[in-house]
Amino acid sequence: MMTPELTVLALAVLLQGLQFAIFSVSAQMQVGPRYAASPRDEPRQLTGLAGRAQRAMTNHFEGLVMFTAAVLVVVAGGQSSDVTQAAAWTYLGARVLYVPAYLLGWAPWRSAIWVVGFLATMLMLIAALL
Amino acid sequence: MSPELAALSAVALVHFATIFVAQRFLTRDIGRDGNAGTRENLDDRLSPISLRLRRATANFTENVGPFIIAVLVVVLAGKTSTWTAALAWAYVAARVLYVPAYALAWVPWRSVIWFAGFVATLALLVLGLI
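Taken in order, these protein sequences are the chains called V and S.
Numbering-wise, my numbering puts 85 at position 85 of the first sequence, and it's gapless, one number per residue.
Numbering-wise, my numbering puts 31 at position 31 of the second sequence, and it's gapless, one number per residue.
It should be emphasised that the hints constitute simulated quantities derived from the structure, not laboratory data.
Just so you know, these numbers come straight off a predicted model, no measurement behind them.
Among these hints, one or two may not hold up.
[To be verified] Computed Cβ-Cβ distance ranges for the label pairs, DEER-style: (1) V:V115 x S:V119: 17 to 27 Å; (2) V:T58 x S:I130: 28 to 38 Å; (3) V:L130 x S:S9: 38 to 48 Å; (4) S:A36 x V:V83: 15 to 25 Å; (5) V:D82 x S:G78: 36 to 46 Å; (6) V:D82 x S:P48: 25 to 35 Å.
[Said to hold, decoys possible] Non-contacting residues of chain S with respect to chain V, defined by C-beta distances greater than 12 Å in every case (computed): (7) P3; (8) G31; (9) R32; (10) D43; (11) A85; (12) V96; (13) T121.
All C-beta atoms in this analysis are idealised placements derived from N, C-alpha and C, irrespective of residue type, glycine included.
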């Protein structure tokens, strides 16, 4: 059954697909497609926009794993409720905002936005466990 | 056991195999003591092929998260089909090929192979959502 949490989870990955596109384009503009396709034996540090796009993407890969666990526990455990659904959408909203917050250097709002997504994930898990 | 879940299991086995191969090269470079030690300045002590295998492993770790989500969404939403089974196994094939493509510097095929796995993941998600 397609619960709202599962829909949000799928949309979160599509967001990550978009984040990858932003990262890939900005990074290739910086280092060139030839280096990108090479085995990258000489490490190159991305700077500026490309570096921010990379760090934002890496952060979402990390956050996605915990969110996946939360959705799995809620859905497989049959614990979906208004609270878990609202938390799931809150997570997605935070992760969407996180991208411009990183790219445009909204400090300290990027950190605040990250905390919202993190707390939403934790809230889902706690609501499912109670 | 749907074909998608079987593919997910296969992906985990491919991941373990990749780690195993990377660790064999790491042990070749720095010995058992270096492997069991606390690995200070590890990158400076490893050969290019070990570093490539470690980058391939890191890439695997990033991309397996979205694939797990894609399989989860398709299976839990009851949207499995011949298409989703083929896409899931295409992902497995891409990740198997990715390891030699990185280690042996198949340029630009490594990028092409990576992209095939990425597209398979996104296609699975879209089929789960619609």
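Hints, verified against the model:
no., hint, in the structure
1, V:V115 x S:V119: 17 to 27 Å, "33 Å, violated"
2, V:T58 x S:I130: 28 to 38 Å, "29 Å, holds"
3, V:L130 x S:S9: 38 to 48 Å, "32 Å, violated"
4, S:A36 x V:V83: 15 to 25 Å, "46 Å, violated"
5, V:D82 x S:G78: 36 to 46 Å, "24 Å, violated"
6, V:D82 x S:P48: 25 to 35 Å, "54 Å, violated"
7, P3, "19 Å, holds"
8, G31, "22 Å, holds"
9, R32, "26 Å, holds"
10, D43, "8 Å, violated"
11, A85, "18 Å, holds"
12, V96, "18 Å, holds"
13, T121, "7 Å, violated"
Comparing the model with each earlier hint shows violations of hints 1, 3, 4, 5, 6, 10 and 13; every other hint is respected.
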